[in-house]
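Student: In the numbering used here, the protein residues as written are 25 to 600.
Heads up, some of the hints might be wrong.
Straight line, CA to CA, 27 Å or less: simulated BS3-like cross-link-like pairs of lysine-lysine [to be verified]: (1) K481 - K463; (2) K350 - K481; (3) K239 - K481.
What follows is a set of in silico ranges between Cβ atoms, one per label pair, in the way DEER data are often shown [what the hints assert, rightly or not]: (4) L480 - A390: 52 to 58 Å; (5) P50 - L480: 43 to 49 Å; (6) Q336 - G112: 46 to 52 Å; (7) S374 - L51: 40 to 46 Å; (8) A110 - V325: 50 to 56 Å; (9) R585 - A417: 25 to 31 Å; (10) V325 - G598: 27 to 33 Å; (11) T586 - F164: 33 to 39 Å; (12) R219 - Y466: 21 to 27 Å; (13) K350 - D326: 31 to 37 Å; (14) G437 - A347: 32 to 38 Å; (15) P281 - P170: 33 to 39 Å.
Everything labelled a hint here was simulated from the structure, so no lab data went into it.
We put the beta carbon where it would ideally sit given N, CA and C, even for glycine.
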Amino acid sequence: MKKARHGATAQSFVPPPGAEALEPGPLDRHFARLLVDLHGTPNAAVELGAQMASAWRGAGHICVPLAELGLEALAAALRDSSVVGAPGTQHPLILDARDRLYLQRYWAYEQALAAALRARLDGPAAHDPALLADGLRRFFGDDAEPNDQRTAAATVVERRFGVITGGPGTGKTRTVVVILALLIEQFAARGVRPRIALAAPTGKAGARLKESILKTAGELMLPDAVRAALPGDASTLHRLLGAIPDSPYFRHDASRPLAVDAVIVDEASMVDLALMAKLVAAVPATARLILLGDKDQLASVDAGYVLGDICQSPPGAAVPIVALQKNYRFGNDSGIYRLSAAVNSGAADSALELLRAGTHRDLAFAHLPVAAGLAAALRGPVVERYRAYLTAAEPREALRQLNGFRVLCAVRGGPFGVENMNRLVEQLLADTGLIDPAKPFYAGRPVLILRNDPQLKLFNGDVGLLLPDREAGGEVRAFFLEADGGLRRLLPARLPEHETAFAMTVHKSQGSEFERLLLLLPDRDTPVATRELVYTGITRARSSVEVWAVEAVLRAAIARRTIRASGLREALWGVA
25 MKKARHGATA QSFVPPPGAE ALEPGPLDRH FARLLVDLHG TPNAAVELGA QMASAWRGAG
85 HICVPLAELG LEALAAALRD SSVVGAPGTQ HPLILDARDR LYLQRYWAYE QALAAALRAR
145 LDGPAAHDPA LLADGLRRFF GDDAEPNDQR TAAATVVERR FGVITGGPGT GKTRTVVVIL
205 ALLIEQFAAR GVRPRIALAA PTGKAGARLK ESILKTAGEL MLPDAVRAAL PGDASTLHRL
265 LGAIPDSPYF RHDASRPLAV DAVIVDEASM VDLALMAKLV AAVPATARLI LLGDKDQLAS
325 VDAGYVLGDI CQSPPGAAVP IVALQKNYRF GNDSGIYRLS AAVNSGAADS ALELLRAGTH
385 RDLAFAHLPV AAGLAAALRG PVVERYRAYL TAAEPREALR QLNGFRVLCA VRGGPFGVEN
445 MNRLVEQLLA DTGLIDPAKP FYAGRPVLIL RNDPQLKLFN GDVGLLLPDR EAGGEVRAFF
505 LEADGGLRRL LPARLPEHET AFAMTVHKSQ GSEFERLLLL LPDRDTPVAT RELVYTGITR
565 ARSSVEVWAV EAVLRAAIAR RTIRASGLRE ALWGVA
């Protein structure tokens, strides 16, 4: 029985056996005590409800679905509390008609986002249909054959809001470049140059977006006037909106909107509810908002599954969401393609059969070694694959070679987590003489930036290398590749918070691609290992992926879907 404050009990409100529950932490308990004090008298329902609302938000949920958990009695008790109100009231906790319990702020984010997106669905964006049709013919040819990219391009040029979703290799970047060209032509016909902002959740994803757009624009041989009008940079969403230090607010909001005609956001699956609500509020009502992403990837670290909720429109609804289906990078017989499809559909038997068969050159599988044997098992693949960057002739080539291979882990701690993997790899490379980790800033150390530093133009997720700098007499410097191919060097002591990056979590790898990778799952089942995590890890590879796992753990992960409680789908589309 759970004890409440002042001797009151919450026995009536303890989740029944088997119901999903989250253990509250110290902050959740502190929040609950505050609300009990605000209520004025000891109240077990308020204490438990507040703890749950706080803990569930911390676990990524927008609300607590009390009815689904069999907690109708708790919902009924909360309705009589002075700190719980109906939607639209200014109470710390909001309980809606479906017994979903929200923190006030997150209910407001959800409603504001839904209202803003619905408003964007009303009426087309200003455009010249004949000019658009001509542009589509030039880029895609005759429209007799179905073409998802053509449909996506037409949809987002015609509307003020659009979503383009698809897995790696489905042509999202090419579609974006075509959209940029079509928008530039539309505005040029009116004698103006469009103000287009490119953004992504992380600096790494933004740099990759810019790099991909520049490369694809060259391949499409766009007219000089169009190339000259392409956006010259891609920023983080925080930089685009104008982050205010130590504040949840931004300089740009509904009262001070962005000076843009279009905003294109890549890796939208990583954007949480709060940030998406603030972004949409800051985009002028007349401007286009275009979201790109893979709805099947891992959800945002913070609360919400926004892209997934948006893409769950009811069948037959005329909504501006286009899923790119055809894969141009992997053929249908590609092991990576078939494995990712099997994982994404929850077909664990098919996924394991593909991994074990040994008939696809781009797939390999090994039973996870015991912790004591992990170093010996890693020695061959790690030394062989990291040797290329450690013996490169110059920093630019070393950085390119570093992206040729990466170790990805599901978790941070434990023998099969990132922290231990980095220690093991470091020791293995030291044993072969490839590195000398006697000092923290040693030559050959890859570093992952953990905290944004706009002054240094380094952002959470950026990866660099510590290497001798010929221009500094051989002293070690931190080197980073810029989106345009340039090379930036910094004194290692100036780096913001960072960690060694021989291995990364799958979460941190989002927005990255590696030629080859080794994906390790832990030796026992954990809620962190989900279908989306396995899918995201596999699809970071361009050429080959090797999975080390216990079969039962892999099966459990493929069976476990990320489900985040939310009312956004209903608020957007009118369906639960």
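Student: Holds or violated: the 43 to 49 Å window for the beta-carbon distance between P50 and L480?
Tutor: 34 Å, violated
Student: Against the range 50 to 56 Å, how does the distance between the Cβ atoms of A110 and V325 compare: consistent or not?
Tutor: This hint is violated: roughly 31 Å between Cβ atoms.
Student: Has the hinted range 27 to 33 Å been met by the Cβ atoms of V325 and G598?
Tutor: 29 Å, holds
Student: Per the hint of 25 to 31 Å, is the separation of the Cβ atoms of R585 and A417 within bounds?
Tutor: 46 Å, violated
Student: CB of G437 to CB of A347, is that within 32 to 38 Å?
Tutor: About 36 Å separates the Cβ atoms of G437 and A347, which means 32 to 38 Å holds.
Student: With 52 to 58 Å as the target window, see if L480 and A390 comply at their CB atoms.
Tutor: 40 Å, violated
Student: Check the following: the C-beta atoms of T586 and F164 are separated by a distance inside 33 to 39 Å.
Tutor: 35 Å, holds
Student: For the hint 33 to 39 Å, verify it against the beta carbon of P281 and that of P170.
Tutor: With Cβ atoms ~37 Å apart, the hint holds.
Student: Given the proposed pairing of K239 with K481, does the C-alpha separation stay at or below 27 Å?
Tutor: 22 Å, holds
Student: Is 46 to 52 Å a correct range for the gap between the Cβ atoms of Q336 and G112?
Tutor: Given about 25 Å between the Cβ atoms, the range is violated.
Student: Keeping to a limit of 27 Å between CA atoms, is the pair of K350 and K481 held or broken?
Tutor: 36 Å, violated
Student: Taken at face value, is the distance from the CA of K463 to the CA of K481 at most 27 Å?
Tutor: 25 Å, holds
Violated hints, in rising order: 2, 4, 5, 6, 8, 9 and 12; the structure is consistent with all others.
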